[in-house]
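Quick note on numbering: the sequence shown equals residues 61 to 180 in the numbering used here.
One should not assume that every hint holds.
[Unchecked claim] Beta-carbon label-pair distances, calculated as ranges:
(1) Glu-84 / Pro-116: 19 to 27 angstroms
(2) Gly-66 / Ala-167: 26 to 34 angstroms
(3) Thr-120 / Glu-84: 24 to 32 angstroms
(4) Gly-128 / Ala-89: 32 to 40 angstroms
(5) Gln-61 / Ile-110: 52 to 60 angstroms
(6) Leu-126 / Ile-103: 41 to 49 angstroms
Hint data in this document are derived by calculation from the structure and do not stem from the laboratory.
Glycine is no exception: its CB is placed at the ideal position from the N, C-alpha and C atoms.
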Amino acid sequence: QFVEAGQEIHYKAGDKVVAEAGSELTAKAGGSFVKLDGGGVTISGADVKINSGGAPGTGTGIAALLPGLLKAADADKAGGLLQVRSNSPIPRLTPPKGICVECWKKALRQKLALQTGEPA
Numbered sequence: 061q062f063v064e065a066g067q068e069i070h071y072k073a074g075d076k077v078v079a080e081a082g083s084e085l086t087a088k089a090g091g092s093f094v095k096l097d098g099g100g101v102t103i104s105g106a107d108v109k110i111n112s113g114g115a116p117g118t119g120t121g122i123a124a125l126l127p128g129l130l131k132a133a134d135a136d137k138a139g140g141l142l143q144v145r146s147n148s149p150i151p152r153l154t155p156p157k158g159i160c161v162e163c164w165k166k167a168l169r170q171k172l173a174l175q176t177g178e179p180a
């Protein structure tokens with residue numbers, strides 16, 4: 061499995077964190093690394109400091125958000141109509157006077173304005 065984050069992955073536990081691997085565990089940053097494997101512990105860096113001051117790095121911590129207020133679940137049922145269906149027939153749209161049907165359909169598809177050949 062693979063975990064990737066853009067800036068930071070921060071692990072924090074109250075008592076302990078255990079990282080376990082079958083053959084190798086490596087921590088790598090800034091051109092340095094610490095590797096634990098069957099051959100021992102390998103530490104590599106420009107300047108290796110052991111018990112000579114320094115301090116651990118700090119993470120940004122957690123900023124978890126609590127869930128919002130609960131809302132009622134949707135009561136709709138599958139196949140239910142959004143509104144009462146009318147028994148009256150659906151009116152057929154017809155083009156304005158002076159516009160042929162094909163020109164009117166083309167204008168609707170292309171969302172164009174139409175002008176009739178008649179004076180206003």
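Going down the list of hints, with the structure as the test:
Distance hint check for Glu-84 and Pro-116: the Cβ-Cβ separation is about 23 angstroms, which falls inside the suggested range of 19 to 27 angstroms. A beta carbon spacing of about 49 angstroms between Gly-66 and Ala-167 contradicts the range 26 to 34 angstroms that was offered as a hint. Distance hint for Thr-120 and Glu-84: a CB-CB separation of about 28 angstroms, consistent with the stated range 24 to 32 angstroms. Hint check: Gly-128 to Ala-89, Cβ distance near 38 angstroms, so the stated range 32 to 40 angstroms holds.
Checked against the given bound of 52 to 60 angstroms, the beta carbons of Gln-61 and Ile-110, roughly 33 angstroms apart, lie outside it. A beta carbon spacing of about 42 angstroms between Leu-126 and Ile-103 agrees with the range 41 to 49 angstroms that was offered as a hint.
This entry does not satisfy hints 2, 5, going by the numbered hints stated previously.
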